[in-house]
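Going down the list, the sequences are from chains A and B. The opening position of the first sequence corresponds to residue 1 in this note's numbering, with each subsequent residue numbered one higher. The opening position of the second sequence corresponds to residue 1001 in this note's numbering, with each subsequent residue numbered one higher.
Simulated from the structure, these hints should not be mistaken for laboratory data. All residues carry an ideal CB built from backbone N, CA and C; glycine is no exception. Please note: incorrect hints may appear among the correct ones.
Said to hold, decoys possible - If you want a taste of the chain A side facing chain B, the calculated C-beta under 10 angstroms gives, among others:
#, residue
1, V15
2, F36
3, P37
4, P41
5, D47
6, V48
Claimed, not checked - Short derived list, chain A residues pointing at chain B, Cβ under 7 angstroms:
#, residue
7, M1
8, Y2
9, G11
10, L42
11, T49
12, D51
Said to hold, decoys possible - Just a sample of chain B residues kept apart from chain A, beta carbon distances all over 12 angstroms, derived:
#, residue
13, R1008
14, P1172
15, R1219
Listed below are the residues making up each chain.
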Amino acid sequence: MYGWIWRHLPGNAWVRGIIALMLILAVVYALFQYVFPWAEPLLPFGDVTVDGASAGGAGAGR
Amino acid sequence: MSVRLVVRTFSELCITVGALIVLFVVYFLFWTGVKAADAAEGEIDTLQSQWASEPVAPAPPSASASAEPSDPAPYRGGKPFATMHIPRFGSGWEWPVLENTEVKTLQKGLGHYSGTARPGDTGNFAVAGHRRTYGDPFKDFPKLRPGDAVVVNDGTTWFTYRIAKKPHRTVPTDTAVVDPVPRSSGFEGAGRYLTLTTCEPEWGSSHRLIAWAHLDATRPVSEGEPPELAD
Chain A
1 MYGWIWRHLP GNAWVRGIIA LMLILAVVYA LFQYVFPWAE PLLPFGDVTV DGASAGGAGA
61 GR
Chain B
1001 MSVRLVVRTF SELCITVGAL IVLFVVYFLF WTGVKAADAA EGEIDTLQSQ WASEPVAPAP
1061 PSASASAEPS DPAPYRGGKP FATMHIPRFG SGWEWPVLEN TEVKTLQKGL GHYSGTARPG
1121 DTGNFAVAGH RRTYGDPFKD FPKLRPGDAV VVNDGTTWFT YRIAKKPHRT VPTDTAVVDP
1181 VPRSSGFEGA GRYLTLTTCE PEWGSSHRLI AWAHLDATRP VSEGEPPELA D
């Protein structure tokens, strides 16, 4: 997979390295900005309320 | 040749999953704290400019004015309305209190259980906060001891509550702990109470830790910070 990506990047080794680095940064950004915030409430660490006590606690009490 | 391809793909998959997990841990333990500190600071700024721009409402004639004068406007969901200080958690410990306890709200500060009393009112002012992640506001929750001050500022008044007893451990469905007269708190009869809730154990969600306090003193904002915050 990574070998395939490397082979398909244009330019010499330096250019490929820089493009690869940018790709990695883009993936990390996407993870931190979109994927992890979505996945995080699925874990139990955010449960700090007592269930049903708040009208708006739809997700907080999971 | 194809065996090599399978082995290589499998190893690359393992490396990818490992990197994902490491990144998630970094996000969870570090980045949520950065985001929450930023958000909380923004909420406090919002509050302070709000308080600075609107004239300070006249303080109630006396602390014993139990009849609520002309129902104040309801708090808006997800918006800050007060700041909380708990000297036991550190002299710089200051977090905004926002209305409702939704996931998104608790990522920006402490959440006020909608439908419970306002600060200083008769009833139970109930507030939830993260113990871990999102800035760890209630990390030191078990260190609360009877007599500890919990100071709330709603823009016009400083309310100083005193913790009544050591944190109480209960189950997540025990909603009676935020009742106007909370069960198991030892309080009898109506009063001006405060309840804090967070998760227990520290990294789990099987139980909740509860702390109760009662109103000890009030002080108009114009008279400056209460002595509890001085040291």
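ask   = Which earlier hints turn out false for this structure, listed by number in ascending order?
value = Hints 1, 9, 10, 13, 14 not satisfied by this model.
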